[in-house]
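With the hints as extra help, turn the sequences into a complete structure.
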Amino acid sequence: MDYIDPHIHMVSRTTDDYETLAKMGCVAMSEPAFWAGFDRGSVESFRDFFRQLTDFEPRRAAQYGIQHFTWLCINAKEAENVSLSREVIAMIPEFLDKPNVLGIGEIGLNKNTRNEATIFLEHVDLAMRHNQQILIHTPHLEDKYQGTRMILDMLLGDSRIQPDRVLVDHVEEHTIKHVLDKGFWAGMTLYPVTKCTPQRAADMIEKYGSERLMANSAGDWGPSKPTAVPDLILELRRRGHSEAAIRQVVYENPLKFFSQSKRFNFKPPV
Amino acid sequence: MGARMPHTSEQILQQEFLLARAKILELAATLDRIERAGGDVSALPQRKLLEQGFNLLISPLADTGQAGTGQAGPSRAEQVQLLFSREYSDQWRQTFGV
Numbered sequence: 001m002d003y004i005d006p007h008i009h010m011v012s013r014t015t016d017d018y019e020t021l022a023k024m025g026c027v028a029m030s031e032p033a034f035w036a037g038f039d040r041g042s043v044e045s046f047r048d049f050f051r052q053l054t055d056f057e058p059r060r061a062a063q064y065g066i067q068h069f070t071w072l073c074i075n076a077k078e079a080e081n082v083s084l085s086r087e088v089i090a091m092i093p094e095f096l097d098k099p100n101v102l103g104i105g106e107i108g109l110n111k112n113t114r115n116e117a118t119i120f121l122e123h124v125d126l127a128m129r130h131n132q133q134i135l136i137h138t139p140h141l142e143d144k145y146q147g148t149r150m151i152l153d154m155l156l157g158d159s160r161i162q163p164d165r166v167l168v169d170h171v172e173e174h175t176i177k178h179v180l181d182k183g184f185w186a187g188m189t190l191y192p193v194t195k196c197t198p199q200r201a202a203d204m205i206e207k208y209g210s211e212r213l214m215a216n217s218a219g220d221w222g223p224s225k226p227t228a229v230p231d232l233i234l235e236l237r238r239r240g241h242s243e244a245a246i247r248q249v250v251y252e253n254p255l256k257f258f259s260q261s262k263r264f265n266f267k268p269p270v
Numbered sequence: 001m002g003a004r005m006p007h008t009s010e011q012i013l014q015q016e017f018l019l020a021r022a023k024i025l026e027l028a029a030t031l032d033r034i035e036r037a038g039g040d041v042s043a044l045p046q047r048k049l050l051e052q053g054f055n056l057l058i059s060p061l062a063d064t065g066q067a068g069t070g071q072a073g074p075s076r077a078e079q080v081q082l083l084f085s086r087e088y089s090d091q092w093r094q095t096f097g098v
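In order, the protein sequence lines correspond to chains A and B. Residues 1 to 270 (this note's numbering) make up the first sequence, in order. Residues 1 to 98 (this note's numbering) make up the second sequence, in order.
The hints are simulated quantities; they were obtained by calculation from the structure and are not laboratory data. All residues carry an ideal CB built from backbone N, CA and C; glycine is no exception. Hints may contain errors.
Said to hold, decoys possible - Sample of chain A residues at the chain B side, in silico, Cβ under 10 Å: (1) Arg59; (2) Leu121; (3) Leu141; (4) Glu142; (5) Arg149; (6) Met150; (7) Ser159; (8) Gln162; (9) Pro163.
So, in structure tokens, the structure goes:
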């Protein structure tokens, strides 16, 4: 089955992974900017990172027939460095007209601190001033519930926000309803230990339906699995769900959400 | 997703039984490992949280308001998630001054 992975960090994956993903049915992906595993020292590091996301990765993906899109930001883990964060936010508009940029992301909270909230709000303002879609990172483990509620408070406190242009990622059993009830899109990240298994994601689809719901692999440099979305497809088939119903979650929904960006120039496989 | 659960509860139980059994065994072995190492962890918050989590698993759903409908109240998974979560206060913006 063709599918779109709406949140996968290919900068941390090998070219072999692109080939495997293509063989598994991945036809497009979106890659949010994220933490490198260490705190970067200057705005120039981010400028190079954004060049990688807007130039190198699309070309690497294209070798395997995968269309690559991206989102730009400084992540929440580095938001404690407020001055660097503001330099990066000021530099981002240089890249907003690149052909594969869908918006601002993944912005959010990590430990739910004042500085993180401050930089989150400044990212949201950047997105609104440039009419960009937003992709949200929610915290992990014990911080997720509190952080998700705080993020929703900030989004709903900005009258410029259109919820159907915002994707809130890493939802789990205790946060998904809050996100969907407010009209946002929700993403389930299939990831061992800190996020969600394919089985639990399938449970949430069965409980909440598939409207405004997507699944992704994260596929970062941690213990993750870039082919996790096909694992979810298999789990849903095993449970007896129809191909059309499965396709809505892993293909039609990402297509519908991303199509709100004028730069989502997706060409379906023929 | 139209028919949200194509399989019956009995079919699901048959499919999941061995997996659930294996997960219970892993938990039992983990507790054995902790006790085998000696020392007393009974007062540690992590040990207490695990015990509260185990109790949630065996509590009837009727106690949660869900009453087997799958709709009315929080599921066991949601209750376990909230047990291991920090509290949220709707006054946080005033506290932070943002």
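Arg149/A as chain B interface residue, shortest Cβ-Cβ below 10 Å: 4 Å, holds
Chain B contact restraint for Glu142/A - C-beta distance below 10 Å: With Cβ-Cβ at 5 Å, under 10 Å, it holds.
Supplied contact hint for Leu121/A, tested at 10 Å Cβ to chain B: For Leu121/A, the interface hint holds, since the closest Cβ of chain B sits about 7 Å away, which is under 10 Å.
Chain B contact restraint on Met150/A - CB to CB distance below 10 Å: With Cβ-Cβ at 6 Å, under 10 Å, it holds.
Pro163/A as an interface hint toward chain B, with CB separation required under 10 Å: The hint is violated - Pro163/A has no Cβ within 10 Å of chain B, the shortest such distance being about 19 Å.
Restraint check, 10 Å cut-off on beta carbons, for Gln162/A near chain B: Hint on Gln162/A: violated, closest Cβ of chain B at ~22 Å, above 10 Å.
Hint check, Arg59/A versus chain B [nearest Cβ-Cβ separation less than 10 Å]: Hint on Arg59/A: violated, closest Cβ of chain B at ~36 Å, above 10 Å.
Hint status (Cβ of Leu141/A to nearest Cβ of chain B, threshold 10 Å): Constraint on Leu141/A satisfied, holds at 7 Å.
Chain B contact restraint for Ser159/A - C-beta distance below 10 Å: 16 Å, violated
In the structure shown, a violation is registered for the earlier hints numbered 1, 7, 8, 9, in ascending order.
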